[in-house]
Amino acid sequence: MPLKAAGYALLCVSALLHAQVEEPTRVAEILVEREAKAKSLQPDDITPTERRLVLFKQKKVLERFTAGIGGVRAKLGGLATNGGFAFGPEYYRGDLADGSVRFRSAAQVSLRGFQKYDIELGLARLAGGRAAVDLYAVHHNYSSLQYYGPGPDSEKTGRSAYRLEDTAFDGNLSFRLFPRMSAIGSVGYVMNNVGPGQDNRFISADRIYSPAQAPGIDQQTDFLRYGGALQFDYRDTPFATRRGGNYFIQASKFLDRKLNLYDFWKVDAEAQQYLPFFNERRVIALRARTTFTGNESGRPLPFYMQPNLGGSETLRGYRAFRFHDNNLLLMSAEYRYEVFSGLDMALFADAGKVTRRKEDISFSNLESSVGFGLRFNVRNNVFLRIDCGFSHEGFQVWLKFNKNFTAGPYRTSSSQGDY
Amino acid sequence: MRPAALAVLIVAVCLGQRQTKPRFLADDPIQAMPAPNSIETAKPRSLSDQYDYFLNTFGHPGELSTPKNVIRARAVNTLGEVPDSEWYTNRHYLHPMTTAQIVAGAPGQPPESAGPWTIVAAKNEGVTPGFTILDKSGRRYVMKFDPPGYQELATAADVISSKFFHALGYNVPANFIVEFDREHLVLGDETMLTDSLGKRRRMTSKDLGDVLSTVARNEQGRYRAVASFYLSGSPLGPFRYHGTRKDDPNDIVPHEHRRDLRGLRLFCAWLNHDDSRSINTLDMLVQQGGRKFVRHHLIDFGSTLGSATYGPNSPRSGNEYVFSWKRPAAEFFTLGLYLPHWTRAKFPRINSVGRFESEVFDPEQWVPEYKNPAFLNQLPDDAFWAARQIMAFTDEQIQAVVESGKYSDPRATEWVTQCLIQRRDKIGRAYLQKVLPLDRFAIQGGELTFADLAVAHGMGQKQPYTISWSRFNNETHASEPVANATGAKLPAMNSGFLKAAITSGSDKRALDVFVRVKGGKSEVVGVERRW
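Just so you know, the sequences run in chain order P and L. With the numbering used here, letter number 295 in the first sequence gets 367, and the count goes up by one each step, no holes. With the numbering used here, letter number 106 in the second sequence gets 592, and the count goes up by one each step, no holes.
Heads up, some of the hints might be wrong.
[Said to hold, decoys possible] Looking from chain L toward chain P, a few residues come up when the C-beta cut is under 8 angstroms (computed):
id	residue
1	L511
2	D513
3	K529
4	L533
5	S534
6	Y537
7	E665
8	R668
9	L671
10	G674
11	L683
12	P735
13	P801
14	L821
15	P834
[What the hints assert, rightly or not] The following residues of chain P were derived to be distant from chain L, with all beta-carbon distances above 12 angstroms:
id	residue
16	E94
17	S112
18	E135
19	R176
20	R184
21	D190
22	I191
23	A203
24	T229
25	R235
26	Q292
27	D328
28	W337
29	G414
30	T478
Just so you know, the hints here were simulated from the structure itself, not pulled from any lab data. For each residue, glycine too, the CB sits at the ideal point set by N, CA and C.
Working from the sequences, and respecting the hints, build out all of it.
Structure (structure tokens):
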């Protein structure tokens, strides 16, 4: 046995020594390495997780979910605050008539039973792309919108709920005067119905507020609206604005078509200015907004048509719909700073008030709130916003799938405002 | 004990007397890798950019070189040069190119302007829309456009950077700026379109109009695009910056240790190619000389210089990873009062340039969008290898390449040229002197000669270097000093190896130059740098 082993060894050693007679080369060394690898080749597979992600992207799962099947897709959110999570089917076609006609219709229900049904037709490429027509119809059935009583002195403890049902039709014709300036003419009609609130947590508004305090709570009416608007918008992008401005004014006349009691006019004006510094990684965003209303009779507006303050878009330290009255002033300032590419932080301050008489609009006795927020974005498009607002009435946390500082044009339904 | 095991033991004992492997083999230093082994099969596969992002951001793929475990670059010859291979071809530094050759870029011809361009494939999804066209001669190109409002931004960057990367030695597509009218495009009979939902369907004239409506046009209403000459071979998907392709026998060095990929970090820093990630690479299975093998390419340079392809780059680009912990935490908790240095960068108000500058650019701090294992492994000698190549571009050559981007605004050409010159010089100042800046070693007239690159580029004073000679035992790697042998003159020797240890005062930086003497001829065969 040892002799056999010695024989093997001798053979091996002599083979190696023979090999050393020929000078080794780098090329030969590399070829040996390659040959060694060639014996163990295998498909350059990716991990199952990576494969799923590749398929997810290749099959456009997210895009298909967003776009839906044959135009039918899921729509999330978009109903009034306090309704809870809302969802429902939406049918959207942006490709009709070679893309010059847009059609959309949705039906949504929220966890608290709020309902919204709407339908929209848009003609986008009129007059060589300078004009557009938008036709819109909506029905809301909000079972428990909140109402705290009229005026700036309403009490937090005066919280109540009411049902608002309305059906509105709107038509807008917008015309681009200059590259960043548009004129908009609009007409609309709204049919309103108000009833007892359906939320067990809150008393119904009609049980604690009289018609004198909440005009229109006993009998509702319909309105025909017509008006016009001007908009000068030079923001860099409307989705995650860092520079530019957006200036908007809209004047409307509302005609009471049923009771002939509540005719009024309304002017909404909003100015937004974005002041970037440090290469737009820091932005001061300023917004001022006001709504004036009036009529010859001096009669207040129906409470369900009044502008309101409080909520994720206005006074963020107050509950939604906290203040109602005929006129409104709101100012907001935000200091936004980029933390990393997908997240901006914001420190904000809001101040505003509602008044019965437009003469009372001033910068004194403003309600105010401060807070901070996080804005998550993908490629300059905010997809999630979390704002925490503080006021002397406590604090509020808002989770929203949109940016803030949106602006008109406003439609006829009172439910089209910001929440 | 079994006979085989006993034999192994005996061989081991016999060979135990043998010394270590020779340091220099007969054919060192090799200038090119041996011709690639032919591949029977290699299947295409895609990589997920999201997976790549998370893997590299929150994981540690590949083998990292650390201060305690320094891993020197591989895929280099004994001089520290990268031999020509399917990855890399030595071009401008070792074999100086003329300005015209640099500007010409990768081999290929622009599409024929005469005759229609037939669209054979299209996509209206992704960061920017694009077409695949055939020109009159049947040559195939990928056409990419500028985003609206930023005419020339991405197309100029794509062309300029592809030419630099080609001169720097990488395999890239030949890119050309083209301008055309709508009428120049015709739809092929069977042209399919991949729409935004990933569905493939026959492309119509309306689709063509839709795609063109989303891209920038010049003042004359003409379209400008990059025509990217189709790479030869069949695509296998991107390569990773770590590990090797399991189905490629020629891919034997982990990518994170390849000098051509470690050094790439510096080239990307120079051109602000922060999008230098796997998804912007492409392996092609090519057939040449009767062999099939994988050739590795860098592609898609639309997100270089000041461009992010879909618009201007973020000022954060190149200065910070998309996500990291420390700086964002500092910004978060200081309510934005902590200001990273790049927030003060000054950018020109030229849309075609985007955000590209040289003042706050710091080549040592430059990072891509997310961690890249090969870039993380870059050592001073890898950086020196790259820096000297960047320094080899003259001001005039840089300007000529920038002019090939065909900016319509002379201010754009001037700004980009000046930025590249200043960024080049910053790179030279930062990295030429991380090691002793000596290169181009040769034996002339019995003396060791070399160039001091820091002095040559005006970035350092001429320093006194001390050269000490030793006899080098190639088998044992032991050195034996030669008495009184200092200076450039080689000590007398008939055959064998000499080692010249070059130092500069008490500097930690040093290098050894190895000389093979054989048959009366002396040849530099090795360089080893220390820092």
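Worksheet item: Which hints from the list above does the structure break, by number from lowest to highest?
Response: 7, 8, 9, 10, 15, 16, 17, 18 and 29
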